[in-house]
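Participant: Spelled out from the first residue to the last, the chains are:
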Amino acid sequence: MTLPIGPPRVRTPRASSEPILELRNIDFCYPAARRSAAEVLGGSRLNKINMSIRRGKAHGLIGESGSGKSTIAKLLLGLTAPQAGQIFFDGELLTRARLAAFRLRVQPVFQNPIDALNPATPIGKQIIAPLLVNFKMKSSGCQARLAAAISAVGLSGEILGKLPHQISGGQAQRVNIARALILDPEVLICDEPVSALDMTVQAQILNLLSDLRESRGLSLLFISHDIRSVAYLCSEIAVLKRGTIVESGSRDQVLLDPKTDYMKSLLRAVPNSELGVEMALPSKPCSQPIGRRHLPAER
Amino acid sequence: MRRKAQKVFASKIGRALVTLVLMVTSVFILMRCAGDPVTVLLGPDATADMRAAYSGELGLDRPILVQYLAYLHNVVRGSLGVSYVYRQDALGVVLSHLPLTLMLTCSALTFAAVTGIAGGIAAAVFPSSFIGRACTIASLVGLCVPSFFLAIVLMLMFSIQLNWLPTGGADSWRSLGLPAVTMGAASSAVLARYTRVAVRESLDSRYVLAAFARGIPFSRILIHHVLPNAAVPILTILGLLIGGAVTGSTVVETVFSWPGIGNLFVTSVGNRDIPVVQAIVLLAGTAMIMTNLAVDLGYTWVDPRSNSSET
Amino acid sequence: MSTVWTRDWTWHLFRSPKAGRDPRRPLKLGLYGASIWIIGCLLIAALAQVISPYHPAQISLDARLSPPLLFGGTLEHLLGTDELGRDVLARLIYSIQISMLVAAGGTFISTLLGVSLGFLAAELGGLIDEGVMALVDMQAAVPFMMTALLVITIFGNSLALFVCLVGLHGWERHARIARGLALTARNRLHVTAARTYNASRVHIYARHILPACAPTIVVGMTLGLTETVLLESTLSFLGLGIQPPMSSLGNMVGFGRDYLMTAWWIALAPGLVIAATAIALMTISESLRQMRPR
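Residue numbers (the working numbering), protein chains in the order written: chain A, 1 to 299; chain B, 1001 to 1311; chain C, 2001 to 2294.
Read the hints as simulated data drawn from the structure, not as lab findings. Watch out, some of these pointers could steer you wrong.
[What the hints assert, rightly or not] Computed far set for chain A versus chain C, every beta-carbon distance over 12 Å:
1. P19
2. I87
3. A148
4. D198
5. D211
6. S248
[Stated by the list, open to error] Which stretches of chain A does chain C cover? Using the computed rule of at least three CB atoms under 8 Å from a CB of chain C, they are:
7. 92-104
8. 116-128
From a predicted model like this one, the values you see are computed outputs, not experimental measurements. Beta carbons: idealized from backbone N, C-alpha and C, even for Gly.
Hey, can you work out the whole structure from these sequences and the hints?
Facilitator: Rendered as structure tokens:
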């Protein structure tokens, strides 16, 4: 494994038709003590999931609690294996042998920022932990990359000596993103990264993710139950209902022209938003209405 | 629901049996490490005929698994070898010492139950008073002071200096006094602690507060509301203490020269009388496992909530 | 006795928030006293060779059975002498050293063994988990004294064997607790996060799980130390532990028992030290337990 040296390279998005990460015909079921219970609950299964993430794009995955969103995140991070179907990364089938290399290029951002950090270790050490584990470097050799990662997420050096319980949720999430970035990955899997944060902080983190995607050519999978944040950040959206993808397509397709009743009811449930306004005017073309802010999803 | 309770019962009994078999197996392994089984079990001066007969019984010319089964068979039958010192069947020797130990254990536990529970209740009901504090400190001391030291101190005070009670032997009822108190002290401390916590919890609960508010006299509250809830953990501990009686008696019987199983145990270890030691270990181990099982099952029966979670 | 303590301690472990309503002030005072005593014992153990007034085996038949200072004795022998004229204070100091060494060594071995097996059972699961738990059950069910004495009967009691035996005492409690803590800690989010950057199992256990378990394990160690001190002194008292010429605290009480009527100080001094040490250790472990972090 070669360690990329120097500042993180800017990847120009290649032909966007090749997906970088792909799920084909995935079936999954948690081993329940009694099969009948699992079937009745229904929530812990995935049926025939087909999904792909294209390079340099932000994909959104919307679903309610229990629909299987986190399961998809676990599958995409290689934390668990599907009962049927394949996962393709960069055109190659993901096998156990390739898992280690895969993990260097696909990194997570989890929902609970403070829980995702080791309560007993200072922040600086935790951010460089992936480097120490994978490349057997000494901590002194990682300082340059540490500084780069910290500045990329907008934190200052004084946070490095603190412990996780001494920082706020927003800072903790930035630390998690910094740790994810330190391996210079190509894909970030974000499992409800802003759900546990305050409203203002949510906007900051969303903007940060968007900036990182642009500057580094990262592909993002943004999983959430909140349509507004997905709509803000993502250019492609898939909708998950009880283990099946019921709708998928580009942002405009899904939001302005939903095909399923489920999606329509989800959109109606969003209070007082621009989405509602757009719904009310179906005949307008999908390009920018006058005076609206330029959303990250549309860049 | 009933089926679930039955399942829990069955699994606990199963686990106890597994533990029992494991214990007997470890004793078997240890015994085999001691040397030639015939010499070990019969002693150095057994006659040739006895040796031949015993070898046949133990199945020494057959594979180890068969020998293990033969050993199990012998254990169940009670044929555990011949004591070197007493020249009698080892189990018989042990059982002949049993009544004295039982007498000692029963008096010790009675003493422990009375003082422990009373002390615990006192400490819970009057936590800041002198009695309460004294009981708390006494229970800490009772837990930590080794029984041999307590035995010596009591012997010093009551036998030697004050000459009220005899120093040893099992001649009269008076000689039961010091050993029983010594042995009961540690158990009393544990009981006092549990009782204090359980009664405290009961006293802090809402329905007791409500009963207070309704003007029910405190003694009635204590007897009808607090004690029944505190009873379950107390009974648990009592059960465990009964099971641990043999170990507890080892030191006390030695110090006071009380000729029970504990005394026999120590002298046999000193004499390297392996058959007797083996017999005591098996007997005490079985008693302990069975008592634990009984307490466990009783707990399941009394408190159905403990059925649902399995550690 | 040890099984009773096991249940006692683990029960309190999981119930401490409510149970800690005892008046705190006596506890603080007791804690300071206990710490001072333990530190004193450790210092004595470390410096025994330097501070002891006499060599413990130094016989002086003129001064046999002389009483301690405040009971008619002389300044030369502050705690009196024993039946061979050996200074009791000197023997006490050396006994503290040996007892502390054996107790500390035994506790360390038992904690190491127990925590390793507990972690192994938690991580590997399945048959190994069942096997370890069956061993734990067996060890917990049978009183340790029984098996220890059986082993001593068969194998004799050399010092090495004795330390191993003492080291085997109480491992099942550490194993059970370590396993429970590891099972919980494994599901924490930071452990999952560590797996996503290829952290090895060893790294996860060393850096993530062990620090989470450490406070509880340390409390367990102090309790284990108490039990080990008592076990060692009991076995030595019965003549089945530390053998002469080495003297341990239990040893001294055992030999002093024969002279209880005439020279009670020989047995009383080491006995008081054992009792005080056990009380101190127990107090420390109680207050550590009540000080659960965050």
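Participant: Name the hints, by number, that the structure is in violation of.
Facilitator: none
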